[in-house]
Amino acid sequence: MSLTAQGNKEEAGKETENSRPPRIAEVRQLRTRTSANVCASDCYGACRMQVSVKNGRIVQITGDPRDPYTQGALCAKGYGYLDRVYSAERITSPMKQEAKGSGQWVRLSWRQALTEIAERLIRIRDEEQSMLPVCLDKYLGSLGILNRAVEGFFRSIGPITVMSGSPCEPAGFDALRLSYGACKKSWPEDMANANVIIIWGANPAWTAPHQMRHVFEARERGARLVVIDPVLTATAARSDYYVQIRPGADGLLALGMAKVIVQRGLIDHEFVDVFTHGFEAFRALLESIDLTDVAATTGVPVAEVVRLATLYAGAKPAAIWLGIGAQHAQTGGQNYRAIDALAALTGNIGRSGGNVHYVTNEAWAFSGAFDRLAAPDGSTMAGHRTVGPGRHSELQTMSPAVRLLWVAGRNPVSQNPDAHQVEKVLRSTETVVVADQFMTATAALADYFLPVASFFEYEDVVVSHWHYGAAVNERAIDPLGESRSDLEIMRELASILDDIRPGFSSFPTARTAAEWLDAEMNEHLYPLLGISHYRDLLSGYYRVRLPRVAWADRQFPTHSGRYEFYSHEALANGLPPLPVLEGAVTASEAYPFQLVGVRSFSAINSQFRENPRLAGIDPGGRLFIHPVTAQAKGIGEDDLVHVYNRLGECPLRATLTAVVQPDLLMVYVGDTASNGDPLNSLVPLGESDLGQVTSGFRGLSFGPTQVNFMKKDGR
Amino acid sequence: MTSLQKGFLFDPNRCLGCRSCQMACAVNRHLPAGVFFRRVTAVELQREAGVAKYYLSTSCNHCESPECFRTCPEAAYRKRRDGVVTHEPSRCTGCGTCLRGCPFGAVTLNPETARAEKCQLCHERLDAGERPYCVGACPVTALMLIDLPGRADDPYTRTLPGVPRVQLTRPSLRFRPLHMGLQICQRGRKGGGRT
Chain A
1 MSLTAQGNKE EAGKETENSR PPRIAEVRQL RTRTSANVCA SDCYGACRMQ VSVKNGRIVQ
61 ITGDPRDPYT QGALCAKGYG YLDRVYSAER ITSPMKQEAK GSGQWVRLSW RQALTEIAER
121 LIRIRDEEQS MLPVCLDKYL GSLGILNRAV EGFFRSIGPI TVMSGSPCEP AGFDALRLSY
181 GACKKSWPED MANANVIIIW GANPAWTAPH QMRHVFEARE RGARLVVIDP VLTATAARSD
241 YYVQIRPGAD GLLALGMAKV IVQRGLIDHE FVDVFTHGFE AFRALLESID LTDVAATTGV
301 PVAEVVRLAT LYAGAKPAAI WLGIGAQHAQ TGGQNYRAID ALAALTGNIG RSGGNVHYVT
361 NEAWAFSGAF DRLAAPDGST MAGHRTVGPG RHSELQTMSP AVRLLWVAGR NPVSQNPDAH
421 QVEKVLRSTE TVVVADQFMT ATAALADYFL PVASFFEYED VVVSHWHYGA AVNERAIDPL
481 GESRSDLEIM RELASILDDI RPGFSSFPTA RTAAEWLDAE MNEHLYPLLG ISHYRDLLSG
541 YYRVRLPRVA WADRQFPTHS GRYEFYSHEA LANGLPPLPV LEGAVTASEA YPFQLVGVRS
601 FSAINSQFRE NPRLAGIDPG GRLFIHPVTA QAKGIGEDDL VHVYNRLGEC PLRATLTAVV
661 QPDLLMVYVG DTASNGDPLN SLVPLGESDL GQVTSGFRGL SFGPTQVNFM KKDGR
Chain L
1001 MTSLQKGFLF DPNRCLGCRS CQMACAVNRH LPAGVFFRRV TAVELQREAG VAKYYLSTSC
1061 NHCESPECFR TCPEAAYRKR RDGVVTHEPS RCTGCGTCLR GCPFGAVTLN PETARAEKCQ
1121 LCHERLDAGE RPYCVGACPV TALMLIDLPG RADDPYTRTL PGVPRVQLTR PSLRFRPLHM
1181 GLQICQRGRK GGGRT
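As they're listed, the protein sequences go chains A and L.
Note that the working numbering gives residue 245 to position 245 of the first sequence, counting from 1, and the numbers run on in steps of one.
Note that the working numbering gives residue 1191 to position 191 of the second sequence, counting from 1, and the numbers run on in steps of one.
In isolation and in its complexed conformation, chain A is listed as follows:
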């Protein structure tokens, strides 16, 4: 059309002659295919992507502008998939390790690898007359519906041992369950209708950037943004009012705010009288709260507790967004019950622009075809033996002990507390199978490595647990090398078992991926999405039909049918019925600093850290220290420091920053020390106070992690 466009053509021609890698202008003029994809990582966005494929290779990744949640923007990691899929570090052949941790890997064919694993499974059954010595440790590495094939397969071979519960959010789930009767939340865009938004223990600027659009929208209408966090995060830096709190003291701050709200008569009497239960008992609890103590423990002055309380109670509707952070504490569950109580006191429940937003499982809480698989003897998942999150050491002390551990979508050696302990258990387990894309810290201790295809390489469906949008992952490219989807891996293993020992597994090996997807979704998800086949999702934006505003009907499925300040279900479970904070943190003389992990924009747990382009922005291996603290120890920027406690020692490079409190040290979750040790090797295995009601086990507190540190000589 113009001279410039012609110029581009000439330019493209020249570059081809020079045999350069194709540039976008050039690629555009040749025929490229566009594939619809959706990120399957464990994240809020479930971002839809437009992927350009040329000659069977992905050449461009952008967000899908038709996606109303992302409006075409991906996160840094999302663009980085182009690197991740074709990473030189990616493993695309099945391998066997000569001796665990030796690094001596031998390539095998799929047939050979899966036959050897099948024989080991059969030997265990023959020797023990039980499959309990087989343990599945599967988690949220990839959230496609077909990733459930792994659990499905293990259901088909009889009751096994499963790593159960959740290391993530269960204390918060329980808090909502006990207070409201269920975990529900409003649509994320309803946050834009708030007059005050309190973001409590979350850094969405880095972990849910698209949600900040709704937060900013509220602000443009005049809403005030409050952030409560131990660290002046990227989100906190953008707030109108930032309150730096001592880690884990969130429940006490909420009780202090509640006391102010009650004392000053700022409660919504109508809501409290009609829709809540146990207010008098809660008020009695508040009488025992002394604001001076609150200030001393939380580090938030009394005047600020009052300011927070009056701001929140005086600007209805006010929303609270609870992150995952503040429930990772010894009192994590009760912290969230105390915060929930603020919404009840002020009548912010069931109101547009109000409510408490916390991740929920509403869109996922369905039982599909994989769940219904039963073993040949008819036993179901109910017969599984369960082990709590992070309790790998129990695998060898329980009877019968675990002999084969299958790890999928998970990297426990990096991500579990007391990481060295997990490492020990893996080393002494007879057989460890790891299905992954990269040589993770866990995979390095495997006997068998099974290469899993990326979500660009097989058809699947992803449902967002935050905005409930559902989308199809088209098969953009063929699986790289010999890698395979979880479903294909499990199906072939089942088929090999059928050959060697008919009747060992009941996994339907003839069913195709498309049939599985249809079977998994048709009963619950199709009606909720308003579709008749999953491929209908390709025609537009569909979301699971859940109410725009949670609790608008004020129907609470609790014992009393009301919001419960005083929880009968807690009582029935032997838990405190009121948000009582038990187990105060004691200071340690030897380890006077508390280590806190926050999430980097560059990673989800240990995922994405292999990307050299992201590493060019966030190189990792950093310890963030307040300048005053660093100065007292004679530490300068980039100095090598050793952080240590009874559990381990991690060499890291110092970054001096005033965003951290003087007696805290900050690291990025999933990061690794320069000696290769995961930072979680310093974190004690500790539980939060809730989680067992909804998830079967208490959540993990991931701290408090008391440490000390010193400068290491030599740079």
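To be clear, the hints were calculated from the coordinates, so they are not data collected in a lab.
Please note that the accuracy of each hint is not assured.
Residues from chain A that face chain L, not an exhaustive set, calculated with beta carbons under 10 angstroms [unchecked claim]:
{"#": "1", "residue": "K77"}
{"#": "2", "residue": "D83"}
{"#": "3", "residue": "A205"}
{"#": "4", "residue": "L225"}
{"#": "5", "residue": "L232"}
{"#": "6", "residue": "T235"}
{"#": "7", "residue": "N611"}
{"#": "8", "residue": "L614"}
{"#": "9", "residue": "D618"}
{"#": "10", "residue": "P662"}
What follows is a set of in silico ranges between Cβ atoms, one per label pair, in the way DEER data are often shown [as the list claims (entries may be wrong)]:
{"#": "11", "chain 1": "A", "residue 1": "G583", "chain 2": "L", "residue 2": "G1162", "range": "38 to 46 angstroms"}
{"#": "12", "chain 1": "A", "residue 1": "P619", "chain 2": "L", "residue 2": "D1154", "range": "37 to 45 angstroms"}
{"#": "13", "chain 1": "L", "residue 1": "H1179", "chain 2": "A", "residue 2": "P68", "range": "22 to 30 angstroms"}
{"#": "14", "chain 1": "L", "residue 1": "T1141", "chain 2": "A", "residue 2": "E482", "range": "42 to 50 angstroms"}
{"#": "15", "chain 1": "A", "residue 1": "M710", "chain 2": "L", "residue 2": "D1154", "range": "48 to 56 angstroms"}
{"#": "16", "chain 1": "L", "residue 1": "P1155", "chain 2": "A", "residue 2": "A590", "range": "51 to 59 angstroms"}
Remember, it's a predicted structure, so these values are computed and weren't measured experimentally.
Built from N, CA and C at the ideal position, the CB exists for glycine as well.
Keeping the supplied structure of chain A fixed, place chain L upon it in accordance with the hints.
Relative to the frame of chain A, chain L by itself:
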């Protein structure tokens, strides 16, 4: 018709430091790992009221008087009618004059080609009516491409706290003024942080 100059408008009150712009550019421009046309940096200034912290996303500023264009001995640079400063790598000998001349460090040497490269403002995307990768990647419209207003009616600022005010080349970059909220910070417990 008045002369047109495209430029970036950056809002430090919206930028999340998420690095989407930086990655979207580097990935889709197929740059070698570690080479970036756009960079996001954190600015942290100790103030009486707390810590003034914000992120700054910068690339080539497509200056009105581009030093790269002025000094390149091979005439590899051009300034388009819309103000975009383009670079033609095939004319480049990698002499480095532009790298040394650019006051913003916006030109990089591509280690794979040993030639200078910089942000071309995705001009082929602009010509096709699309946004540059960086602008399209911003989840909160902190980074926008605008037609720069004339000096008389410019509502934006040309610098931010802690950023050197370099105007010699008349960079096509404008900012919204930085706002800082109220901060209540911990001062550390007695003894605790000082062992």
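Taking the hints in turn, this is what the structure says about them:
1. K77: This interface hint holds because 8 angstroms falls under the 10 angstroms limit.
2. D83: For D83 (chain A), the interface hint holds, since the closest Cβ of chain L sits about 7 angstroms away, which is under 10 angstroms.
3. A205: holds, 4 angstroms
4. L225: holds, 8 angstroms
5. L232: Holds - the Cβ of L232 (chain A) comes within 10 angstroms of chain L, reaching about 6 angstroms at its closest.
6. T235: holds, 8 angstroms
7. N611: holds, 8 angstroms
8. L614: holds, 7 angstroms
9. D618: holds, 8 angstroms
10. P662: Since the shortest Cβ distance to chain L is 3 angstroms, the answer is holds.
11. A:G583 / L:G1162: 38 to 46 angstroms: holds, 43 angstroms
12. A:P619 / L:D1154: 37 to 45 angstroms: holds, 38 angstroms
13. L:H1179 / A:P68: 22 to 30 angstroms: The hinted range 22 to 30 angstroms holds for H1179 (chain L) and P68 (chain A), with Cβ atoms some 28 angstroms apart.
14. L:T1141 / A:E482: 42 to 50 angstroms: Given a distance of about 43 angstroms, which is inside 42 to 50 angstroms, the answer is holds.
15. A:M710 / L:D1154: 48 to 56 angstroms: Holds - the Cβ-Cβ distance for M710 (chain A) and D1154 (chain L), about 52 angstroms, lies within 48 to 56 angstroms.
16. L:P1155 / A:A590: 51 to 59 angstroms: Given range 51 to 59 angstroms: holds, Cβ gap about 57 angstroms.
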